[in-house]
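Chains A and B, in that order, are what the protein sequence lines are. Residue numbering for the first sequence follows the numbering used here, beginning at 1 and increasing consecutively. Residue numbering for the second sequence follows the numbering used here, beginning at 1 and increasing consecutively.
It is possible that part of the hints are untrue.
[Unchecked claim] The calculated label-pair distances, taken between Cβ atoms and stated as ranges, are: (1) Thr444(A) / Pro82(B): 24 to 30 angstroms; (2) Leu227(B) / Asn324(A): 53 to 59 angstroms; (3) Lys43(B) / Val96(A): 41 to 47 angstroms; (4) Glu37(B) / Ile351(A): 43 to 49 angstroms; (5) Leu85(B) / Phe288(A): 32 to 38 angstroms; (6) Thr354(A) / Ile238(B): 27 to 33 angstroms; (7) Glu53(B) / Val44(A): 42 to 48 angstroms; (8) Thr354(A) / Leu233(B): 24 to 30 angstroms; (9) Asp160(B) / Ile448(A): 51 to 57 angstroms; (10) Lys156(A) / Ile238(B): 47 to 53 angstroms; (11) Lys78(A) / Glu37(B): 56 to 62 angstroms; (12) Thr354(A) / Ser241(B): 33 to 39 angstroms; (13) Asp140(B) / Ile104(A): 37 to 43 angstroms; (14) Ser82(A) / Lys223(B): 47 to 53 angstroms.
[Claimed, not checked] Calculated Cβ distances over 10 angstroms to all of chain A for the following chain B residues: (15) Ile47; (16) Glu53; (17) Ser59; (18) Lys99; (19) Pro137; (20) Ala157; (21) Asp160; (22) Gly172; (23) Arg182; (24) Ala186; (25) Phe200; (26) Thr209; (27) Ser212.
In short, the hints are calculated from the structure, not lab data. Just so it is clear, the structure is predicted and the values come from calculations on it, not from any experiment. Cβ coordinates follow ideal geometry from the N, Cα and C atoms, glycine included.
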Amino acid sequence: MPTLSFKRITSAWIITILVLFVLAISFGITMRFNQGRDIDISPVTFYSLMTVHGLTMIGIWAVAGMAAVNYLLARYVKVSTSLNVFAFVLTVVGVVILWVVGFIGKFHAGWTFLYPLPFRVAWEEWATLWFLIGLTVLGVGWLVWSVGMIMQILKKYTLGQSFAWQHFTKKHDVAVETPPFILITMVSIIGILISLITAVILLVLFYAEYFSNGTFTNDPLLMKNLTYFFGHTIANEALYLGLATLYELLPEVSGRPKFKTTWYVAVGWNCTMVFVLTAFFHHLYMDFVQPYGFQLVGQFASYFASIPSAAVTIVSVIVLIYGNKIKWSLTNILFFLGLVGWIIGGVGALIDATISNNIILHNTLWVPAHFHTYNVMGNVLFSLAFFVWAANQFAGTDSKNISKAQLVKLSILVIGGFGFVLMFYIAGAYSVPRRYALYPEEFTSAAILASAGAWFALAYLIAILLLLGNIVSKCLKVFSSSQPSPLSH
Amino acid sequence: MFKSIFFFTTLTSLTLSTPLFGQTLPTAGDIYNFSEESKVYTKMIDIPLNTMEGNFHLSDLYAQKPIIMALVFTRCTGICSPFLLQLHDHLRSLDNKRKFSVLVVSFDPKDSLSEMQSLAARFQLQNNKQWIFATTPQIDSLKTAIDFYPTWDSTTAQFDHEALLVGINENGYIGKKLLGMRDERALLSLIKEINNEFVFSYPLPAKNTIFSCFTYDPATGKKKPSLGLLILLLPAIITLSLLLWLGSRKPKLN
Ligand code: HEM
Numbered sequence: 001m002p003t004l005s006f007k008r009i010t011s012a013w014i015i016t017i018l019v020l021f022v023l024a025i026s027f028g029i030t031m032r033f034n035q036g037r038d039i040d041i042s043p044v045t046f047y048s049l050m051t052v053h054g055l056t057m058i059g060i061w062a063v064a065g066m067a068a069v070n071y072l073l074a075r076y077v078k079v080s081t082s083l084n085v086f087a088f089v090l091t092v093v094g095v096v097i098l099w100v101v102g103f104i105g106k107f108h109a110g111w112t113f114l115y116p117l118p119f120r121v122a123w124e125e126w127a128t129l130w131f132l133i134g135l136t137v138l139g140v141g142w143l144v145w146s147v148g149m150i151m152q153i154l155k156k157y158t159l160g161q162s163f164a165w166q167h168f169t170k171k172h173d174v175a176v177e178t179p180p181f182i183l184i185t186m187v188s189i190i191g192i193l194i195s196l197i198t199a200v201i202l203l204v205l206f207y208a209e210y211f212s213n214g215t216f217t218n219d220p221l222l223m224k225n226l227t228y229f230f231g232h233t234i235a236n237e238a239l240y241l242g243l244a245t246l247y248e249l250l251p252e253v254s255g256r257p258k259f260k261t262t263w264y265v266a267v268g269w270n271c272t273m274v275f276v277l278t279a280f281f282h283h284l285y286m287d288f289v290q291p292y293g294f295q296l297v298g299q300f301a302s303y304f305a306s307i308p309s310a311a312v313t314i315v316s317v318i319v320l321i322y323g324n325k326i327k328w329s330l331t332n333i334l335f336f337l338g339l340v341g342w343i344i345g346g347v348g349a350l351i352d353a354t355i356s357n358n359i360i361l362h363n364t365l366w367v368p369a370h371f372h373t374y375n376v377m378g379n380v381l382f383s384l385a386f387f388v389w390a391a392n393q394f395a396g397t398d399s400k401n402i403s404k405a406q407l408v409k410l411s412i413l414v415i416g417g418f419g420f421v422l423m424f425y426i427a428g429a430y431s432v433p434r435r436y437a438l439y440p441e442e443f444t445s446a447a448i449l450a451s452a453g454a455w456f457a458l459a460y461l462i463a464i465l466l467l468l469g470n471i472v473s474k475c476l477k478v479f480s481s482s483q484p485s486p487l488s489h
Numbered sequence: 001m002f003k004s005i006f007f008f009t010t011l012t013s014l015t016l017s018t019p020l021f022g023q024t025l026p027t028a029g030d031i032y033n034f035s036e037e038s039k040v041y042t043k044m045i046d047i048p049l050n051t052m053e054g055n056f057h058l059s060d061l062y063a064q065k066p067i068i069m070a071l072v073f074t075r076c077t078g079i080c081s082p083f084l085l086q087l088h089d090h091l092r093s094l095d096n097k098r099k100f101s102v103l104v105v106s107f108d109p110k111d112s113l114s115e116m117q118s119l120a121a122r123f124q125l126q127n128n129k130q131w132i133f134a135t136t137p138q139i140d141s142l143k144t145a146i147d148f149y150p151t152w153d154s155t156t157a158q159f160d161h162e163a164l165l166v167g168i169n170e171n172g173y174i175g176k177k178l179l180g181m182r183d184e185r186a187l188l189s190l191i192k193e194i195n196n197e198f199v200f201s202y203p204l205p206a207k208n209t210i211f212s213c214f215t216y217d218p219a220t221g222k223k224k225p226s227l228g229l230l231i232l233l234l235p236a237i238i239t240l241s242l243l244l245w246l247g248s249r250k251p252k253l254n
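Generate coordinates for the entire structure from the input sequences, incorporating the hints supplied.
See below:
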């Protein structure tokens with residue numbers, strides 16, 4: 001059961017994430033309006049905004065998942081408040097450094113900071129080093145947090161049980177049940193840990209070249225592999241953390257029995273754990289020096305990492321809903337919509353991960369299209385569902401049936417969110433390149449699509465602001481209360 | 001336990017942050033001043049050209065076919081002749097089916113069209129339709145457009161200049177520049193570039209690149225896995241070891 005201090009720190013995470021989210025969306029809208037030629041910002045400002053936007057978004061939704069599972073983990077294992085506070089402090093420090101680097105230092109190498117870009121200094125000279133420091137602070141905070149959570153789980157469950165491997169043995173020990181939440185959390189945090197260790201290696205190599213005064217040079221191919229091993233993996237695992245909260249909370253808020261870990265759930269998520277680690281090779285299809293075998297691994301790992309877990313989740317949710325009387329509240333509708341966004345974005349991703357398609361879609365707006373779909377309309381909604389649920393817990397209010405006003409807000413969110421990504425998809429299908437501050441005139445419809453995308457995104461932002469007020473005010477209550485609320489677990 | 005993690009982290013962060021100041025990195029100017037790379041992907045200025053076939057603009061030529069532009073002067077006693085001769089030889093031995101014209105332009109204001117014509121005759125190229133010898137009244141604009149700055153040496157009465165080939169595609173953009181006397185392979189990549197074909201490029205590993213993913217043997221043309229690939233495995237190996245170590249302790253559930 002989470003203590004009051006644990007609720008407070010979770011509340012601090014929620015508020016911080018929402019504030020950063022609103023700001024980062026505004027950066028996104030500014031970029032899209034610029035691409036639409038509705039406003040005029042300098043290329044340097046555009047790329048600084050793009051870098052800060054990408055880093056902030058990836059970072060906040062990864063920690064949103066971590067904070068949510070950490071909170072829910074308290075139902076099963078003993079959790080540490082000080083560890084959580086430590087991660088929070090380092091996250092805030094890291095974000096402040098990166099924003100200063102982006103906006104004052106004008107660092108703009110993109111959120112992937114692909115080698116050797118950070119060393120091609122087209123910004124304040126101090127910015128490169130401080131960028132690396134900012135990332136180090138975040139990396140250390142999250143690494144310690146992940147290891148801590150794994151330790152907490154392994155204090156109660158054996159390694160095999162935490163991965164539900166008892167389902168793969170002949171004498172299946174039914175006395176030991178691994179809750180799906182523990183299984184998915186473990187699978188995702190292991191992935192996050194691997195990606196963070198990769199980031200540490202990457203940073204060490206960057207520092208080594210930086211301080212070597214030309215005596216040590218990195219191999220661009222190795223750096224690109226490491227960058228996407230880290231970047232692709234963390235972005236995907238963040239989504240799986242969102243799914244862990246869905247598995248834990250969706251049945252509960254829908255008034256249905258908890259999900260169980262069956263053999264196929266165990267198979268699906270173990271497949272995800274293994275295959276998601278090699279799916280990143282699909283980012284290197286254009287790197288002809290990479291052997292063809294690696295490219296094939298990238299393609300098939302992309303299928304095997306997502307299809308089993310998606311199939312298992314879809315079946316589980318359909319079984320939960322079909323033919324049953326469900327109490328539809330804001331929380332479970334957000335989870336349900338998030339699932340739809342995840343699936344649509346996932347299909348977009350698989351289309352792009354297929355080598356023969358990637359030749360056409362590589363680095364077009366199809367790429368932001370698919371990852372924005374499973375983030376803007378997927379993972380963000382999973383985390384928002386958790387935020388709404390947690391805010392109710394903190395305020396001691398019950399999650400009510402969805403109201404008309406909430407339905408209106410959700411409709412604006414859905415129209416805005418899907419409209420925004422649809423403009424990316426259409427542009428991607430027309431081969432409009434990604435990461436262009438202004439589109440060449442040859443792409444006749446690119447600017448119009450960008451402008452339309454910006455207006456849809458504005459609608460999405462309005463919906464978020466309308467939903468946010470309620471969540472934040474309930475979260476703030478936990479700082480004034482000294483007693484645990486009657487409804488809290 | 002978390003205290004010790006905290007201590008370790010703080011120590012690591014402090015250690016990392018001590019030698020962080022006073023470093024200088026190359027600036028964009030330092031890096032992009034290789035003249036072979038300057039002006040690449042910029043649009044060529046549309047200079048007027050005087051040729052034996054009449055007066056044109058550069059755009060009239062590249063609109064028909066991509067262009068390999070060579071810069072020479074007729075009184076040149078240095079690199080110009082071997083340069084043109086080698087270009088001619090390479091093009092012949094490449095026996096290339098790709099389309100392009102070779103435009104030889106004089107950068108000496110004193111050169112006349114008839115002198116350029118004699119130069120063509122010296123290489124027996126006066127009737128070769130692929131080769132065009134030309135002068136231009138806008139030499140200075142041309143030089144700025146391609147970042148080519150020959151200097152006049154009054155003692156030798158010669159221009160001090162590089163051998164430069166400029167590849168211009170059908171849209172008038174500079175696709176590639178080649179400096180110096182280059183081999184057939186380099187020329188082929190220029191021809192491919194201006195014909196909008198994909199040209200593979202990858203920086204050669206330097207001696208101080210220890211962690212390459214692959215080593216390439218030019219003699220056999222084969223790639224071999226190298227140390228860098230092991231680094232890619234490290235995160236999984238470290239995590240696995242950590243898990244096995246943490247998992248080896250007895251949990252409370254059992
Ligand atoms: C409505 C909200 C959002 C808007 C308006 C928005 C807008 C944009 C725009 C215009 C770009 C540049 C696209 C290009 O031309 O390449 C971009 C890139 C990006 N966005 Fe978003 N975005 C939003 C939400 C999100 C979310 C929720 C995430 C992640 C969780 C995210 C992650 C990224 C990343 C990683 C990039 C790539 C940055 C880079 O290339 O370095 N965005 N976004």
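Problem set entry | Hint check for Pro82(B) and Thr444(A) - Cβ pair distance inside 24 to 30 angstroms | Violated - the Cβ-Cβ distance for Thr444(A) and Pro82(B), about 48 angstroms, lies outside 24 to 30 angstroms.
Exercise. Is the distance from the Cβ of Asp140(B) to the Cβ of Ile104(A) consistent with 37 to 43 angstroms?
Worked result: Cβ of Asp140(B) to Cβ of Ile104(A): about 41 angstroms, so the range 37 to 43 angstroms holds.
Exercise. Would you say Glu53(B) is clear of chain A, with no C-beta pair closer than or equal to 10 angstroms?
Worked result: 32 angstroms, holds
Exercise. Does Ser212(B) really sit off the interface, with its C-beta more than 10 angstroms from all C-beta atoms of chain A?
Worked result: About 4 angstroms separates Ser212(B) from the closest Cβ of chain A, which leaves it inside 10 angstroms; violated.
Problem set entry | Cβ distance range 43 to 49 angstroms for Glu37(B) and Ile351(A), holds or violated | 36 angstroms, violated
For this session: Test the statement that Phe200(B) is away from the interface with chain A: the closest C-beta pair must be farther apart than 10 angstroms.
Result: It is violated; Phe200(B) is separated from chain A by about 6 angstroms at its closest Cβ, not greater than 10 angstroms.
Exercise. Looking at Thr209(B) again, its CB stays over 10 angstroms from all of chain A?
Worked result: 5 angstroms, violated
Exercise. Regarding Ser82(A) and Lys223(B), is the given constraint of 47 to 53 angstroms on their beta-carbon distance met?
Worked result: 49 angstroms, holds
Problem set entry | Minimum Cβ-Cβ distance from Ile47(B) to chain A exceeds 10 angstroms | Non-interface label stands for Ile47(B): nearest chain A Cβ at 24 angstroms, farther than 10 angstroms.
Problem set entry | Pairwise beta carbon distance, Thr354(A) to Leu233(B), judged against the given window 24 to 30 angstroms | Holds: the Cβ-Cβ distance is about 26 angstroms, inside 24 to 30 angstroms.
Problem set entry | Interface exclusion of Ser59(B) relative to chain A, criterion Cβ beyond 10 angstroms | 18 angstroms, holds
For this session: Take a look at whether the Cβ-Cβ distance between Leu85(B) and Phe288(A) falls inside 32 to 38 angstroms.
Result: 34 angstroms, holds
Violated hints, listed in ascending order, are 1, 4, 10, 25, 26, 27; each of the other numbered hints is respected by the structure.
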